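Peer 1: Generate coordinates for the entire structure from the input sequences, incorporating the hints supplied.
As given, the protein sequences belong to chains U and V, one line each in that order. Residues in the first sequence are numbered consecutively from 1, following my numbering. Residues in the second sequence are numbered consecutively from 1, following my numbering.
Simulated from the structure, these hints should not be mistaken for laboratory data. Everything numeric in this text was worked out from a predicted model, so none of it was measured. Heads up, the beta-carbon is just placed ideally off N, CA and C, and yes, glycines get one too. Any given hint could turn out to be false.
[What the hints assert, rightly or not] Taking CB as the label site, the calculated pair distances span:
| hint | chain 1 | residue 1 | chain 2 | residue 2 | range |
| --- | --- | --- | --- | --- | --- |
| 1 | V | S75 | U | S262 | 34 to 42 Å |
| 2 | V | T53 | U | S262 | 39 to 47 Å |
| 3 | V | S75 | U | L336 | 39 to 47 Å |
Spelled out, the chains give:
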Amino acid sequence: MKQLKAHWWKFLGVAILVIVFLKGMLVPLSAGIISVSRNSAKPLENLQLVVKGYNTHFKDSKGPQAWLKLDSLYSIQCSSFIVADQTTATVAFWIPAGLPYEGTRAPLTLIIDNEVDGTSVLPFAVSFVVNDIASTGQGWNVEALEGLHERTHTTYPFRNILNETIRNTYFHVPLWFGMMVLFIASVISAIKYIRSKDPHDDLKSLAFCRAGILFGILGLVTGAIWAKHTWGAYWSWDVKQNMSAIALLIYGAYFVLRNSMSDNDSQARIAAVYNIFAFVTLIPLLFVIPRLTDSLHPGNGGNPALGGEDLDHSMRMVFYPAIIGWTLLGVWIAQLSYRVDRLKHKLLNH
Amino acid sequence: MTLSKEILFLIRKEFILEFRQKYAISGILLYVLSTVFIVFASFFQLPKQVWHTMFWVITLFAAINAIVKSFVQESGSRQLYYYQLVSPHAVLISKMIYNALLLLTLSILTWFALGFIAGNPVRDLSLFSGALCLSALGFSITLTFVSAIAAKASNNATLLAILGFPLIIPILMTLIKLSANAVGLLSDTAYINDVYILISIDMLLLALAIFLFPYLWRD
Chain U
1 MKQLKAHWWK FLGVAILVIV FLKGMLVPLS AGIISVSRNS AKPLENLQLV
51 VKGYNTHFKD SKGPQAWLKL DSLYSIQCSS FIVADQTTAT VAFWIPAGLP
101 YEGTRAPLTL IIDNEVDGTS VLPFAVSFVV NDIASTGQGW NVEALEGLHE
151 RTHTTYPFRN ILNETIRNTY FHVPLWFGMM VLFIASVISA IKYIRSKDPH
201 DDLKSLAFCR AGILFGILGL VTGAIWAKHT WGAYWSWDVK QNMSAIALLI
251 YGAYFVLRNS MSDNDSQARI AAVYNIFAFV TLIPLLFVIP RLTDSLHPGN
301 GGNPALGGED LDHSMRMVFY PAIIGWTLLG VWIAQLSYRV DRLKHKLLNH
Chain V
1 MTLSKEILFL IRKEFILEFR QKYAISGILL YVLSTVFIVF ASFFQLPKQV
51 WHTMFWVITL FAAINAIVKS FVQESGSRQL YYYQLVSPHA VLISKMIYNA
101 LLLLTLSILT WFALGFIAGN PVRDLSLFSG ALCLSALGFS ITLTFVSAIA
151 AKASNNATLL AILGFPLIIP ILMTLIKLSA NAVGLLSDTA YINDVYILIS
201 IDMLLLALAI FLFPYLWRD
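Peer 2: Here it is as structure tokens:
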């Protein structure tokens, strides 16, 4: 019981991470549409789309429905929905003679709904190409879609391109948060050292820096794996990738600097000075320059920021605890490393 | 003596030292000229992009070579003597100002040498000169302070490169954007924001260097 009182934050961190791993890995994605067999439609044809679903239960559902949606007003309802298996179905639509507005081309969004999976959406599924500019409202549904089902169990949002990698949100992003917290703790200990000259503050600063760099490397690796699946290459020369690699070089140089000096006192002092200087250059590197340049990351260069449909409530329930859990784990790692260093320091001084 | 007087006096000392030991400055000049020559000999024709790249590569390495000696050319005991005689801040600031002037001269020389041999693609003269001034200031503040750190450790030439290069990259990337505008590789009308960012990074680092230097020189 005494142990639990003194080390509650370690238990908390580990418990949170266990939940993060379990929930992060086991909760399924919601149903989605991976692909359709055709990408364009001509006026007045009977469009047959072979739809490939993901995590869908076409066979188990009773009355699956499908729409091709032009905008909030106009849509086309499917004329037949033939289920092949749980994830494959052939959907037929009668395409109208023309667009309700003037124009020659319009993207249509495919919406599929059933009572087991809820509603799934594939934006810009089919492009409707018309030769005749004249507009006609004939053949279009003008009622709002009705009778859509909601999912009953917890799922993570299905995003095309992201697919299952959306789970990386619980690892890649919190690792960077954790790294920043550890580097801030490191620089605070460095400032404390140059004021107090207490060697323990220097050892703390070193330990936080070590844990921070470990988190930084893990953040970079998880990011590279994510990039391979979404952007197509492990290293895409994205500005944030480059800047965080440079940030790690700066902190790598911290260890080179420490090792190049043998005298303990001046080593600690100069390392602390460099640590403060390095931390300040980290701010433009990570927070100013990436905002000035286009990036593939969410929230940059016209990409939607984290949030909205990418980070819904089911994900927030895991994402925010994950930040706390990873940070607590990082602090624990730093504490262990600090205790080893302190013992070594004691041995050297006796 | 007031701080400004001390600084002026120390800058004069740096100039005198440089003229007495001509090998250091002539070595850097020779480095710049021979690199420009090698660049031309291997490319023959320099398109704008290559010109711009080579300009910054040559300037950056010239800066490292020029600044590496700031805190090691004089012995530790003589430096201690300076710190007793004048304020340590005066020593640091005078070295920064001297290095900024030296770097500005070197980058203008590189500009002329590259322009003489391979033509001058710079369209916006004032923007490019402004970028050179900001580069001299930024490189000088960062590298002088890092060389003060590196001088405390052994093997300081390598250490300066290891510590200095990553720290200088945020400045360098903003500078490259500015000068790419001046050369005509980019057409960004809002470059004034980059100028503000450079100035604020420089001022931040300068304030930090002045604040931290007293903890550095004392042994």
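Peer 1: Now tell me, hint by hint, if it's right for this structure.
Peer 2: Hint check results:
1. Take S75 of chain V and S262 of chain U: their Cβ atoms lie about 20 Å apart, and the range 34 to 42 Å is violated.
2. At about 40 Å, the beta-carbon gap between T53 of chain V and S262 of chain U stays in the expected band of 39 to 47 Å.
3. Roughly 43 Å separates the CB atoms of S75 of chain V and L336 of chain U, a value that falls within the hinted 39 to 47 Å.
Consistency with the previously given hints fails for number 1 only.
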